[in-house]
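> Chain by chain, the residues run as shown.
There are 2 protein chains.
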Amino acid sequence: MDSAEFTEFGTAMIQYITQYLDNIRDRRVLPTVQPGYIQDLIPAEAPEEGEKWQDVMKDIERVIMPGVTHWHSPNFHAFYPTANSYPAIVADMLSGAIACIGFTWMSSPACTELEVVTLDWLGKAIDLPPQFLSGPSNGKGGGVIQGTASEATLVALLSARTRFAKKHLSNARSFDEDNFISKLVSYTSEQSHSSVERAGMLGGVKMRMIPTDEDLRMRGADLKAAIQKDKAAGLIPFFVVATLGSTNSCAFDALDEIGDVCQEEEVWLHVDAAYAGAAFVCEEYRYLMVGMDKADSFNFNPHKWMLVNFDCSAMWIKDANEVVEAFNVDPFYLKHDMQGKAPDYRHWQIPLGRRFRSLKLWFVMRIYGLKKIKEHIRIQIRLAHDFEQMLRKDNRFEIVTPVIMGLVCFRLKDKSNEDNEKLLKRINERGKIHIVPAKIKDLYIIRFAICSRFTNLEDVKIGWQEIQDATTELFPSK
Amino acid sequence: MDSAEFTEFGTAMIQYITQYLDNIRDRRVLPTVQPGYIQDLIPAEAPEEGEKWQDVMKDIERVIMPGVTHWHSPNFHAFYPTANSYPAIVADMLSGAIACIGFTWMSSPACTELEVVTLDWLGKAIDLPPQFLSGPSNGKGGGVIQGTASEATLVALLSARTRFAKKHLSNARSFDEDNFISKLVSYTSEQSHSSVERAGMLGGVKMRMIPTDEDLRMRGADLKAAIQKDKAAGLIPFFVVATLGSTNSCAFDALDEIGDVCQEEEVWLHVDAAYAGAAFVCEEYRYLMVGMDKADSFNFNPHKWMLVNFDCSAMWIKDANEVVEAFNVDPFYLKHDMQGKAPDYRHWQIPLGRRFRSLKLWFVMRIYGLKKIKEHIRIQIRLAHDFEQMLRKDNRFEIVTPVIMGLVCFRLKDKSNEDNEKLLKRINERGKIHIVPAKIKDLYIIRFAICSRFTNLEDVKIGWQEIQDATTELFPSK
Chain A
1 MDSAEFTEFG TAMIQYITQY LDNIRDRRVL PTVQPGYIQD LIPAEAPEEG
51 EKWQDVMKDI ERVIMPGVTH WHSPNFHAFY PTANSYPAIV ADMLSGAIAC
101 IGFTWMSSPA CTELEVVTLD WLGKAIDLPP QFLSGPSNGK GGGVIQGTAS
151 EATLVALLSA RTRFAKKHLS NARSFDEDNF ISKLVSYTSE QSHSSVERAG
201 MLGGVKMRMI PTDEDLRMRG ADLKAAIQKD KAAGLIPFFV VATLGSTNSC
251 AFDALDEIGD VCQEEEVWLH VDAAYAGAAF VCEEYRYLMV GMDKADSFNF
301 NPHKWMLVNF DCSAMWIKDA NEVVEAFNVD PFYLKHDMQG KAPDYRHWQI
351 PLGRRFRSLK LWFVMRIYGL KKIKEHIRIQ IRLAHDFEQM LRKDNRFEIV
401 TPVIMGLVCF RLKDKSNEDN EKLLKRINER GKIHIVPAKI KDLYIIRFAI
451 CSRFTNLEDV KIGWQEIQDA TTELFPSK
Chain B
1 MDSAEFTEFG TAMIQYITQY LDNIRDRRVL PTVQPGYIQD LIPAEAPEEG
51 EKWQDVMKDI ERVIMPGVTH WHSPNFHAFY PTANSYPAIV ADMLSGAIAC
101 IGFTWMSSPA CTELEVVTLD WLGKAIDLPP QFLSGPSNGK GGGVIQGTAS
151 EATLVALLSA RTRFAKKHLS NARSFDEDNF ISKLVSYTSE QSHSSVERAG
201 MLGGVKMRMI PTDEDLRMRG ADLKAAIQKD KAAGLIPFFV VATLGSTNSC
251 AFDALDEIGD VCQEEEVWLH VDAAYAGAAF VCEEYRYLMV GMDKADSFNF
301 NPHKWMLVNF DCSAMWIKDA NEVVEAFNVD PFYLKHDMQG KAPDYRHWQI
351 PLGRRFRSLK LWFVMRIYGL KKIKEHIRIQ IRLAHDFEQM LRKDNRFEIV
401 TPVIMGLVCF RLKDKSNEDN EKLLKRINER GKIHIVPAKI KDLYIIRFAI
451 CSRFTNLEDV KIGWQEIQDA TTELFPSK
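In order, the protein sequence lines correspond to chains A and B.
Counting in full-length UniProt numbering, the first sequence runs from 1 upward without gaps.
Counting in full-length UniProt numbering, the second sequence runs from 1 upward without gaps.
It is possible that some hints are incorrect.
Copies of one chain are not kept apart here, so a pair can be met inside one copy or by any two copies together.
To be verified - Taking lysine-lysine and the DSSO-like style, the derived pairs with C-alpha atoms no more than 30 Å apart in a straight line are:
1) K58 to K341
2) K183 to K166
3) K231 to K183
4) K229 to K166
5) K371 to K425
6) K294 to K393
7) K441 to K224
8) K341 to K393
9) K425 to K124
10) K432 to K341
11) K124 to K52
12) K372 to K183
13) K52 to K371
14) K374 to K52
15) K166 to K231
16) K229 to K58
17) K167 to K294
18) K183 to K229
19) K371 to K58
20) K341 to K422
Hint data in this document are derived by calculation from the structure and do not stem from the laboratory.
Working from the sequences, and respecting the hints, build out all of it.
Given below as structure tokens:
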């Protein structure tokens, strides 16, 4: 395909994309296909001869769209948002054309440099303590773009593991001595994301789930008790993950208390704010991040709520050397003259290769500006409160947890888990909106999240009407 | 930014991309910027008010391009190729617009389904044994797109670790008993990629580097001896990585021999063909993959040599359940009705989230067709042989390893490592071409790889002339 043909193809795709997004309201949010549906629509083998791009374009509606869950439909209220914006899509086109691999500074200096600067921009925008930023810390701290929050948690856990191996073992690179790995213990809230539990599994270490208070927050005293118990048993507490904005219910752990405990007990503190971190661009939500100065690493996903397409998970580390020590293997073919003068991000992550992802962060922050980004966050939180108000007026329902960000957790009052599950299934089967449940301390909860940047008050009213209608349909007595 | 503005912006970007790639030959392949250069060119903080997209566009040449190493310049001969093609860029635009997260089948069925089918396409195209494919194996085997080969190796290692935990421990989810992790031993060639060593480090297990024969191949007998020695010492050999096409010199381990050893010793065999695997689309190179039926997992990167933009690292597993068992944590909010009827790819990888990456594989395979993909591979290998012939006619140089794929490893004959290093530095400083070295058994080697899809015979001649000129400049005596 030459440049002229790409111009035609790319132009046709731009038109397709604008039509898709401008009319996404008309599509059924959840598809109705069955597993294996695509095998009946396309051949079992790749073609030997190339096909025309026009034929591939035609297959988007025929093959792909029937099986798409439309995450950017204004009626998608499941999980949490994933970002989608025009500036990010255009930035990714440029990233695809430059197509450099930024594993070392020298392998494409712009790729590393723009990441250093835009993560300082972003850190300042959410008022992150200056020790986390590259500029103010003189390069001791700094930010990096990971693929996902799961990877950020695992990177932090492995770095903490190496910190403790250095402290306890004669050779920090092999974990041979003294049953070391079996003694390591990490801690998180019982409300934290499954990827935290998984990071423990992958790292081969114990992960204790700390019970939460009535607002589903992990508290300092409970954490402290668990750590001290393990120490008394001869184990080595080494790593804590605090969650700001849990996936279940958007609960915020008591970071300030937890930070004190981690400092007293000399344990690595990682803060996972995957979804809610974006809200810290707005001053009025920064009370939720008090204590961040006591953390060792922090992560949130601009690819969730900050208009930067996936994947763009921003992570900051207070002492980047600790990550480098855990990840550094330095083969000859990757050595270069500038080592030590700028970060080589391959030592900050699990993969070796990396795309030029900071372009989309740069495009989004410049073209929207912080003002529009704040507006976007505030609008979505306001819509969640609007929904909350609608719910409160119908006494068939109860709100289960405080509404702080763009998520409302509710259930049918005085009904069993099974009844609530029936309601959720019925709503999803009707196909007008999509929501998912959570289970909190054995209670079945329905989650309604404001996700799409297209969602407006009218859509929220439609969503609420849909929930009411499905409820009346299922439980007509009331 | 609304759809009309995106149309303008996207159209301008298409024009920029075609101009960049059509004229990439004119750019200096390596930049001359110094660490920190970008800080002087852009503000220290994100703007409060949004900027015009036109101003962002202008900054690409002012801010970004001076710091780009042009991987797609026909004069880029460093590392191995990374892919860049128009069909892949357009597919990524669509992926960015749909912007679904494909962690479960239900979260966007098309995302999972197209991945299942295109990885079967790709597996068939390289004649992978049918046990690895989803269709022929009835879903026991199957392919998945990982971000990088590093991740594929780590996924395989962690899965193997769980296989052995199930065998040796009462609770395969915790590695508490009997100093288990300290006893695990993995093996790879001393020539294998640094990411293999790193996978061992991250997994907390020993990784033995097996010496290679005169052609830099790991041989079955050497592996067998190492495994038996460890068994005799009470350790648990559990995992072997064989490399097809090493990064240093594109050496191919003796897979068939290694496969036998792994079967006899009951050890997980992972095959890493990150670069060279793409060449198996051509029948004449399949002799190098004999023995693949004895492997447990296999990986190569279409994002290297197969025209699919990064990231698209294809991995196949013979028994996908073994990966799921290592990675599965099943939170309530991700449960859905179709579980068990289609893969939930979140259990096959380290991150939870995942983009719709199979679109670019589908677009590339359809629009090029297998015929053009084979042609691309063959042209690049022929160019390497052309370069080899040029070198052979100049007796100042020697070819160090057999030229099998698109890489030529050479050095100044009868000169010290230091002299060879001087030559490489001089060549890169002159800035016309970019190459990197390797160190093989203490010998400093210069690597010349055919990378860009734009490289033609004329460019190879220019590269060779440049190497000759730099040599004459440095060592005029000869």
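> Please go over all the hints and tell whether each is borne out by the structure.
A quick look at each hint next to the structure:
Taking the shortest alpha-carbon separations for K58 and K341, only the inter-copy value of 28 Å comes in at or below 30 Å, while the best intra-copy value is 50 Å. When the C-alpha separation of K183 and K166 is checked against a cutoff of 30 Å, the pair qualifies both within a copy, at 15 Å, and between copies, at 20 Å. Taking identical chains as interchangeable, the C-alpha atoms of K231 and K183 lie at most 30 Å apart whether they share a chain (10 Å) or sit on different chains (25 Å). For the identical chains of this complex, K229 and K166 are neighbours both inside a copy (23 Å) and across copies (29 Å), given an alpha-carbon limit of 30 Å.
Taking the shortest Cα distances, K371 and K425 never come within 30 Å of each other, neither inside one copy (39 Å) nor across copies (48 Å). Neither within a single protomer nor between protomers do K294 and K393 lie at most 30 Å apart by alpha-carbon distance, with minima of 42 Å and 65 Å respectively. For the homomeric pair K441 and K224, the shortest alpha-carbon distance inside one copy (22 Å) is at most 30 Å, but the shortest distance between copies (52 Å) is not. When the C-alpha separation of K341 and K393 is checked against a cutoff of 30 Å, the pair qualifies neither within a copy, at 61 Å, nor between copies, at 41 Å.
In this assembly of identical chains, the alpha carbons of K425 and K124 never lie at most 30 Å apart, being 43 Å within a copy and 39 Å across copies at closest. Proximity of K432 to K341 under the C-alpha cut-off of 30 Å is restricted to the inter-copy arrangement: shortest distance 24 Å between copies versus 54 Å within a copy. Taking the shortest Cα distances, K124 and K52 sit within 30 Å of each other only across copies (22 Å), while inside one copy they are farther apart (48 Å). Proximity of K372 and K183 under a CA criterion of 30 Å is satisfied in neither setting, with 48 Å inside one chain copy and 55 Å between copies.
Only between protomers do K52 and K371 lie at most 30 Å apart by alpha-carbon distance; the minimum there is 14 Å, versus 44 Å within a single protomer. Proximity of K374 and K52 under a CA criterion of 30 Å is satisfied inter-copy only: 18 Å between copies versus 44 Å inside one chain copy. Both within a single protomer and between protomers do K166 and K231 lie at most 30 Å apart by alpha-carbon distance, with minima of 18 Å and 29 Å respectively. Neither within a single protomer nor between protomers do K229 and K58 lie at most 30 Å apart by alpha-carbon distance, with minima of 63 Å and 60 Å respectively.
Proximity of K167 and K294 under a CA criterion of 30 Å is satisfied intra-copy only: 20 Å inside one chain copy versus 42 Å between copies. When the C-alpha separation of K183 and K229 is checked against a cutoff of 30 Å, the pair qualifies both within a copy, at 13 Å, and between copies, at 28 Å. Taking the shortest Cα distances, K371 and K58 sit within 30 Å of each other only across copies (22 Å), while inside one copy they are farther apart (39 Å). For the identical chains of this complex, K341 and K422 are inter-copy neighbours only, at 22 Å across copies versus 59 Å inside a copy, given an alpha-carbon limit of 30 Å.
Violated hints for the displayed structure, listed by number in ascending order: 5, 6, 8, 9, 12, 16.
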